[in-house]
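Trainee: Single-letter residue listing:
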Amino acid sequence: MTDVAAPPRLAAERIGSAAPAPDVAELERTWHERGGFWGWLTTVDHKSVAKRYIITAFGFFLLGGILAAAMRLQLSRPENTVLGPDRYNQFFSTHGTTMMFLFAVPVMYSLGLYLVPLMVGTRNVAYPRLNSYGYYTYLVGGLFLWVSLVLNTGPDTGWFSYVPLAGPEYSPGKRVDVWGQAVTFTEIAALVAAVEIIATAFKMRAPGLSLHRLPLFVWAQIVTAFMIIFAMPWVAVASQLLPLERLVGTHFFNPAEGGDALLWQHLFWFFGHPEVYIIFIPALGIVSQVVTTFSRRQIVAYPAMVLALVATGVLAFGLWVHHMFATGLPQMGMSFFTAASALIAVPTGIQFFCWIATLWSGRPRLEVPLLFILGFVVVFMIGGLSGVMVASVPWDLQVHDTFFVVAHLHYVLLGGGVFPLFAGFYYWFPKFTGRMLSPALGRLNFWLFFIGVNLTFFPMHELGIDGMPRRVYTYLAATGWGGLNLLASIGATIIALSVITFLANVAWSLREGDVAGPNPWEADTLEWGTASPPPPYNFAELPVVEGRGGLWSRSEARPVVTGLRSDLREVLVTTVLDAVPDHLHFQPSPSVWPLLAALATGVLFISGIFTPWGFVVGAALVTLALVGWAWPRGKELEDQRRQEQRA
Amino acid sequence: MIAGRTTIDVSDLPTTTFGHRDLAWWGTIGFILIEGTTLVIVAMVYFYLRRNFAQWPPPRTAPPDLLPGILQVGVMALSWWPVALLDRAARRLDRGAVRRWLVVCTLFAIAFCVLRGFEFAGLNVRWSTNAYGSVNWAVLVTHATLILAEALEIIVITAVFFTPRVTERHFSDASDTAPYWYFLTGSWVLLAAMIYLVPRFWTSP
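Protein chains in written order, with my numbering: chain A, 1 to 647; chain B, 1 to 205.
Bear in mind the hints are in silico, worked out from the structure with no lab data behind them.
What you are looking at is a predicted structure, and each value in this text was computed from that prediction instead of being measured.
Cβ coordinates follow ideal geometry from the N, Cα and C atoms, glycine included.
Some clues are possibly wrong.
To be verified - Restraint-style ranges between C-beta atoms, simulated for each label pair:
hint, chain 1, residue 1, chain 2, residue 2, range
1, A, 248, B, 114, 21 to 27 Å
2, B, 88, A, 26, 35 to 41 Å
3, B, 93, A, 592, 27 to 33 Å
4, B, 44, A, 86, 50 to 56 Å
5, A, 613, B, 94, 20 to 26 Å
6, A, 535, B, 44, 46 to 52 Å
7, A, 211, B, 163, 40 to 46 Å
8, B, 200, A, 165, 33 to 39 Å
9, B, 145, A, 41, 26 to 32 Å
10, B, 163, A, 592, 18 to 24 Å
11, B, 114, A, 397, 31 to 37 Å
12, A, 66, B, 200, 53 to 59 Å
13, B, 200, A, 261, 25 to 31 Å
Said to hold, decoys possible - Partial chain B-side listing against chain A, Cβ under 8 Å, derived:
hint, residue
14, 13
15, 125
16, 128
17, 160
Turn these sequences into a full structure, and let the hints guide you.
Mentor: Written out as structure tokens, the structure is:
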């Protein structure tokens, strides 16, 4: 038996000067993921799961983009007949649902699932099987939504599914139920990812990587994870109450029986507004990493940057009512939420000034990732300024439900989310694949995207001020909206060309791109201290961190951790504040149970919308899968015992 | 051997820890936060909808029966004792005591499920009658899913402890049952006060 009561010893007591080199071949065998289809299904390597997440999310981005292109084609001229009203309704609802729930949120936390373990210097995420379950649940939800759309059962009441339109009276059939349950899958996946990131970032950091040395990207992921934990349950409750209203006749939203339609809006937006920041805050983390690397200096005012991230995360929960200004709220409430909406610009402003100061005082290199960051500054600022406009109640009432809001939200989400995301792709692609993306194609990608986004969405401000409503499938020539709509559609074509350029760049670079080496950008953070792509065990020897970030502050001695077993999947757990080594933790090996549990979850939620018995059968299957998952057996049980008997 | 390297040797660190030192504990706390938020939301829905009623419960609806509610709260309060003993036994790796208290806790979890059945029967309203009925059922069902999850977990851990498959890791898992259990039962005390007392003592706005 090991000494379970032993307190963690200070790192200083353990420092030695001679130790055996790690058995890399054995590490390779221990952490190796099986090949082939079975290996693909059962992997628990955080990098494999996260890459899958990123590729799947990008696949949904393309699908959502195709819907956008179809809508822009339809609106390119008055009284067009490419899409009828019913299909148009399904397209804009599925476009919004896809982009928010299947692309933007998952792609941001999946970057965290890939990078956080590497940036904190550990071998995997805290709960590898749960991570795999999260991915499969997300995949089932996404496929369910899209198969439903193909079967003409796609959601048609907007990405927010307001009642009473989405209620049983005005939306019979299964379309809204599909929306509710597809969203439920994505909530589960996001919540799982959030718990993974918090536990990994708090408990699995390399010795010396105390919280005040943590890279800002990891801080951003931590803040986002807490936001997911406190925001996602709101839409989880909403997306269960709505199908219940439709399937078993409850009255939460039915005013005739004491329910309340506005309750839906509160539930949805208490999630929906933080959701924007769940997308935006990881992007801020990307911006900080890219600015640091390409300025070749540490970020200016690191404590202010961390506090700004936390403040943004907290304030984001106090803004939801600004989505409801047109619902007739008390004057006091509207004044409060106007002020809160303006207030959140302060921490973002602090970060902008710190980035500018970092670039100003550094030696900036205008590589493609930094180019996208500069694009972010311009595009997001325009979105921020129109945000200050709609934060004002009188203005909001004038442009509510018009294309002005479409312009604003796309400036914010593309500027604040997709530009930094492209920067992140160009920045970390060498780490993911071992190859550099072509800078020439990257610059073309950037300029097409920058021009396309502005050409598509800037005219929409004017269209909105002219009174063109959102979510209409066509308009009359006499409105005079044809010219600006055509301009927007031309812009959308340029965005499509930009995305095609990006895909071509990826395809070409995977084969022909320059070999990256471990640290092609000469960056600071720990992920650049291992091979590109990293081996399954991430680091042959876990690093010991001596300063902020990790690599720039390394001394000549380059201290490392020794004593972790290489014949077992063993990871080091450290203390929360100072990352002092605390104990050794055994990690599970690849397993098919997460997949089976996700499929059972699929049966539970999907069959449940056709018959209440679906819930019963699904719950029984989930129970079986969880028991199978938890039951100790086989080699894993032996390995666990071997690990515990070491002392 | 490589001479001259600076290393931190972790080979003699413990492999089993309890409470906040343990990685699984953080997962448990994460799910407590998620589920706690969910319970807070359904409670807010309860009070939000209550504003729409001149009388709570609505006319011709009896408030929920007190007896199953009182029994449930009482049994849950009583269960803290074996759970605390289970936690202590697990921390000293006392397999016999852990087995004993796991069995007791399993019986308590089953009792929660049975009593929840009586609580549903004693609500005196259907979910489809009006918003009052809907939200009462929502609160009970949401909390019931947590009871079922905990019951499943404790049954599986108990089963493992009666096989030769048990490892030190399972002692830590058994100990981790405690914080979730306190959350599950503690949250119900608050929700029960809402479900059973609001319709009796706060009947009109």
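Trainee: Now, for every hint given, state plainly whether the structure supports it.
Mentor: For each hint, the structure was consulted:
Distance hint check: the CB atoms of residue 248 of chain A and residue 114 of chain B are about 24 Å apart, consistent with the given range 21 to 27 Å. The hinted window of 35 to 41 Å between residue 88 of chain B and residue 26 of chain A holds, with their beta carbons roughly 39 Å apart. A hinted range of 27 to 33 Å holds for the C-beta pair residue 93 of chain B and residue 592 of chain A, which are about 32 Å apart. The hinted window of 50 to 56 Å between residue 44 of chain B and residue 86 of chain A is violated, with their beta carbons roughly 36 Å apart.
Between residue 613 of chain A and residue 94 of chain B the beta carbon distance is about 44 Å. The supplied range of 20 to 26 Å is therefore violated. Between residue 535 of chain A and residue 44 of chain B the C-beta distance comes to about 48 Å, which sits within the given range of 46 to 52 Å. At about 41 Å, the beta-carbon gap between residue 211 of chain A and residue 163 of chain B stays in the expected band of 40 to 46 Å. Judged by the Cβ atoms, the range 33 to 39 Å given for residue 200 of chain B and residue 165 of chain A holds: they are separated by roughly 37 Å.
Hint check: residue 145 of chain B to residue 41 of chain A, Cβ distance near 28 Å, so the stated range 26 to 32 Å holds. Range check, residue 163 of chain B to residue 592 of chain A: Cβ separation about 22 Å, and the 18 to 24 Å hint holds. For residue 114 of chain B and residue 397 of chain A, the hinted distance range of 31 to 37 Å is not satisfied, since their beta carbons lie about 54 Å from each other. Residue 66 of chain A and residue 200 of chain B have their C-beta atoms about 57 Å apart, which keeps the hinted 53 to 59 Å range intact.
Between residue 200 of chain B and residue 261 of chain A the beta carbons are some 29 Å apart, a value that agrees with the proposed interval 25 to 31 Å. The beta carbon of residue 13 of chain B comes within 5 Å of a beta carbon in chain A, closer than 8 Å, and the hint placing it at the interface holds. The closest approach between the C-beta of residue 125 of chain B and any C-beta of chain A is roughly 11 Å, which is over the 8 Å cut-off, so the hint fails. Taking 8 Å as the C-beta contact cut-off toward chain A, the hint placing residue 128 of chain B at the interface holds, the least distance being around 4 Å.
Interface restraint check for residue 160 of chain B: the shortest CB-CB distance to chain A comes to about 6 Å, inside 8 Å, so the restraint holds.
Of the hints listed earlier, those the structure fails to meet are numbers 4, 5, 11, 15, in rising order.
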